[in-house]
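Chains B and U, in that order, give the protein sequences. Here our numbering is used: the first residue of the first sequence is 1, the next is one more, and so on. Here our numbering is used: the first residue of the second sequence is 1, the next is one more, and so on.
Where hints are given, some of them may not hold.
Unchecked claim - These stretches of chain B come out as covered by chain U in the derived footprint (C-beta under 8 Å, 3 or more residues):
| id | stretch |
| --- | --- |
| 1 | 152-162 |
| 2 | 178-185 |
| 3 | 191-201 |
| 4 | 225-239 |
| 5 | 291-301 |
Unchecked claim - Covered stretches of chain U (in silico footprint by chain B; criterion: 3 or more residues with CB under 8 Å from a CB of chain B, positions within the stretch not fixed):
| id | stretch |
| --- | --- |
| 6 | 6-16 |
| 7 | 162-175 |
| 8 | 194-203 |
| 9 | 229-240 |
Said to hold, decoys possible - Label pairs and their in silico Cβ distance ranges:
| id | chain 1 | residue 1 | chain 2 | residue 2 | range |
| --- | --- | --- | --- | --- | --- |
| 10 | B | Ala10 | U | Arg351 | 31 to 37 Å |
| 11 | B | Arg290 | U | Gly258 | 28 to 34 Å |
| 12 | B | Gly342 | U | Pro356 | 49 to 55 Å |
| 13 | U | Pro356 | B | Arg38 | 35 to 41 Å |
| 14 | B | Ala391 | U | Gly85 | 42 to 48 Å |
Bear in mind the hints are in silico, worked out from the structure with no lab data behind them. Don't be surprised by glycine CBs; every beta carbon is placed ideally from N, CA and C.
Number of protein chains: 2
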Amino acid sequence: MLSVADACAAILDALPPRPATAAPLAEALGLCLTEPARATVDSPPFDKAMMDGYAVRSADCGGPPVTLTVIEEVPAGAVPTRTVGPGQCVKIMTGAPLPDGADAVIPVELSRRDGDRVTLSPPAPPQPGAAVMARGAAVEVGAELVAAGVPLTPAAIGLLAEHGYDPVPVVPRLRVAVLSTGDEVVPASQTPGPGQIRDANGPLLAAALAAAGATPVPLGLVGDDRAALTAKVREGLAADVLLLSGGVSMGDYDLVPGVLADCGVRQVFHKVNVKPGKPLWFGVHDGDGRPTAVFGLPGNPVSSLTGFELFVRPALRRLAGRSSRTPRRLRARLTEAVANRGDRPLYRPVRLTPTPEGLAAEPVRWAGSGDLHGAAGANGAALIPGASHLAAGETVKAFRWAGCE
Amino acid sequence: MLSVADACAAILDALPPRPATAAPLAEALGLCLTEPARATVDSPPFDKAMMDGYAVRSADCGGPPVTLTVIEEVPAGAVPTRTVGPGQCVKIMTGAPLPDGADAVIPVELSRRDGDRVTLSPPAPPQPGAAVMARGAAVEVGAELVAAGVPLTPAAIGLLAEHGYDPVPVVPRLRVAVLSTGDEVVPASQTPGPGQIRDANGPLLAAALAAAGATPVPLGLVGDDRAALTAKVREGLAADVLLLSGGVSMGDYDLVPGVLADCGVRQVFHKVNVKPGKPLWFGVHDGDGRPTAVFGLPGNPVSSLTGFELFVRPALRRLAGRSSRTPRRLRARLTEAVANRGDRPLYRPVRLTPTPEGLAAEPVRWAGSGDLHGAAGANGAALIPGASHLAAGETVKAFRWAGCE
Numbered sequence: 001m002l003s004v005a006d007a008c009a010a011i012l013d014a015l016p017p018r019p020a021t022a023a024p025l026a027e028a029l030g031l032c033l034t035e036p037a038r039a040t041v042d043s044p045p046f047d048k049a050m051m052d053g054y055a056v057r058s059a060d061c062g063g064p065p066v067t068l069t070v071i072e073e074v075p076a077g078a079v080p081t082r083t084v085g086p087g088q089c090v091k092i093m094t095g096a097p098l099p100d101g102a103d104a105v106i107p108v109e110l111s112r113r114d115g116d117r118v119t120l121s122p123p124a125p126p127q128p129g130a131a132v133m134a135r136g137a138a139v140e141v142g143a144e145l146v147a148a149g150v151p152l153t154p155a156a157i158g159l160l161a162e163h164g165y166d167p168v169p170v171v172p173r174l175r176v177a178v179l180s181t182g183d184e185v186v187p188a189s190q191t192p193g194p195g196q197i198r199d200a201n202g203p204l205l206a207a208a209l210a211a212a213g214a215t216p217v218p219l220g221l222v223g224d225d226r227a228a229l230t231a232k233v234r235e236g237l238a239a240d241v242l243l244l245s246g247g248v249s250m251g252d253y254d255l256v257p258g259v260l261a262d263c264g265v266r267q268v269f270h271k272v273n274v275k276p277g278k279p280l281w282f283g284v285h286d287g288d289g290r291p292t293a294v295f296g297l298p299g300n301p302v303s304s305l306t307g308f309e310l311f312v313r314p315a316l317r318r319l320a321g322r323s324s325r326t327p328r329r330l331r332a333r334l335t336e337a338v339a340n341r342g343d344r345p346l347y348r349p350v351r352l353t354p355t356p357e358g359l360a361a362e363p364v365r366w367a368g369s370g371d372l373h374g375a376a377g378a379n380g381a382a383l384i385p386g387a388s389h390l391a392a393g394e395t396v397k398a399f400r401w402a403g404c405e
Numbered sequence: 001m002l003s004v005a006d007a008c009a010a011i012l013d014a015l016p017p018r019p020a021t022a023a024p025l026a027e028a029l030g031l032c033l034t035e036p037a038r039a040t041v042d043s044p045p046f047d048k049a050m051m052d053g054y055a056v057r058s059a060d061c062g063g064p065p066v067t068l069t070v071i072e073e074v075p076a077g078a079v080p081t082r083t084v085g086p087g088q089c090v091k092i093m094t095g096a097p098l099p100d101g102a103d104a105v106i107p108v109e110l111s112r113r114d115g116d117r118v119t120l121s122p123p124a125p126p127q128p129g130a131a132v133m134a135r136g137a138a139v140e141v142g143a144e145l146v147a148a149g150v151p152l153t154p155a156a157i158g159l160l161a162e163h164g165y166d167p168v169p170v171v172p173r174l175r176v177a178v179l180s181t182g183d184e185v186v187p188a189s190q191t192p193g194p195g196q197i198r199d200a201n202g203p204l205l206a207a208a209l210a211a212a213g214a215t216p217v218p219l220g221l222v223g224d225d226r227a228a229l230t231a232k233v234r235e236g237l238a239a240d241v242l243l244l245s246g247g248v249s250m251g252d253y254d255l256v257p258g259v260l261a262d263c264g265v266r267q268v269f270h271k272v273n274v275k276p277g278k279p280l281w282f283g284v285h286d287g288d289g290r291p292t293a294v295f296g297l298p299g300n301p302v303s304s305l306t307g308f309e310l311f312v313r314p315a316l317r318r319l320a321g322r323s324s325r326t327p328r329r330l331r332a333r334l335t336e337a338v339a340n341r342g343d344r345p346l347y348r349p350v351r352l353t354p355t356p357e358g359l360a361a362e363p364v365r366w367a368g369s370g371d372l373h374g375a376a377g378a379n380g381a382a383l384i385p386g387a388s389h390l391a392a393g394e395t396v397k398a399f400r401w402a403g404c405e
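Starting from the given sequences, assemble the full structure and let the hints guide the process.
The following block contains the structure:
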């Protein structure tokens, strides 16, 4: 049976990044540039006043207080027209260009105005450059602003706006179809009959996708009916990724692998040596050179969540053009002993909390892969190797789940 | 001048949580319940098979292999109709209810079927409860499922679905209007003239709001024109929060405080003892008992970002009904020495990276509040007290910015 690492490698090998598009900057949060953005202007584009006040020659202000002649007033957005000579100054607003001749700004709070004369009383003589941001101090034209392959943050979005990047060349937000299967499953809004349960996986996976920066496309529920399942799968293959839950274990009623094959989805693997989530199925549909990744996730909700975190998230990163394949590895210290009596590696729900000594991992009360209540009290998982017993204080690999703080 | 802590307290005192609404579960990621949700059913609602296989009496299987008579087949979604007696078993699918009499499931992989007889060869005799999840093992009816005042995670969304909560009682997603002011500012799509710059704050703040789970309502740009500014402010007061950037320092052209007063916005404070971001303005508009929080953020982009993180985010948490007032405090170790020559506390952009010994804070190259390029290389800020010089290795308070990993 495939290891988690080999399964991840097989997924990444099967999936090329999706092609670039031009997206409005306002919709680009979390998307990745497909080429680096470079500065189109010096920033700031001119020596810029950083406070409201008076632009002075610092050499004039060696012994404050000093009284100078105000030769001009320059609001932000306007341009100074005169050169500041000895004994002169210009009234200036935050953000305005510094006039020629001046090399410092003294804040308006430290001034007393009298007609065209002003007395300035800084506590100490201003240094050249005081309250001035020099042209190009932040970045010079041509320098790299934002790297490709890294999700755009709010500051990066602001920076791209400052340099005129709108629209931006990015991999568009991934659309991911979500389909729950099984005759035993009814929608959340319905009261289950005998032997039935409500669908937790559909809402869970849609929320996890949104938290991971993708757009979920809910396809609802389908029972164990070959024709209905086939129709829904074909609908889902229009998305970038199709997630199914349920119907991938060994049972006689597990139609999913057969229907996927009939729809032209090429199986890459079925089953991974992991707990929970062993029956995971992965394949690719090559629709006219536009591949759709297809995951068959197990029906137990914590198995589905684990499969999403371990396998779907790396696939989303790859498809979205992220340069790093996997999230940053975390290490955490167990607050309690944990045993894994089985032979498969266990990704056990834990509550991760930062402490001054690093991350702590507290094992939540958890009754296994059907226990979503336990998992909802966690914010991630700790890897407990097969057939092992870890003591409190031992260090484990840890993973923070999407949408959890 | 107000301290950061006093300013935060004043903001939180002025803002009650917004009232509850009933929202579709599919739109509730990150929102807070206004009352705790309790289990409506035992979970699982019946003793549930956790694998495809044969439901047996464990007492029959003391010396495997054992051959039993298959008296019924129960797919998931169906209900067993017969009681398993000695020497009998029932074929069962993952998720199906366990028949009366049976107390364990043996996986189908370990079976060999011959007509109505099956030979089961588990490696060891099954324990009672093997591959069975007992009714109520995850949660019993009436127990608290999800607390109020905590942002809903994907697992919590799935859990609420399992218990039929759709719609859910939550504080609805906050709508936050964003308005950039100043004659010197032009849109990202336009080429700045002399003395002009493109608007970075509008796109930055809209992205930060989306990253923090609110819905940005972009109002665009307005110049230093009283009538136009008044019209835009009135439009913004329809939102839960209005963010303005620029126009709040001491300059003659800073119209914002006056226009806000004219529009009935009551000033709570103006100016905070912090760097960057000192000129921050905060007030409240009491529109028919539906208060709108109004922030005047400074025009320099890193000042605006700092004001958003320190003051707007706590306000959003309060309005959204979060029970904890502030994000979890982080502590990080500086990788390099940092000086703060000024007397105000400095929130300096840093790159926070988890290490086995806790968080490391690397001070990025940064030229001050106008340097968004430096800030875009950071993912948070470290607090450097006024007039202090911290050596490499010293511990600082740290804050991770919204939308940054």
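Out of the numbered hints, which ones does the structure contradict? Of the numbered hints, 4, 6, 9, 11 and 12 do not hold.
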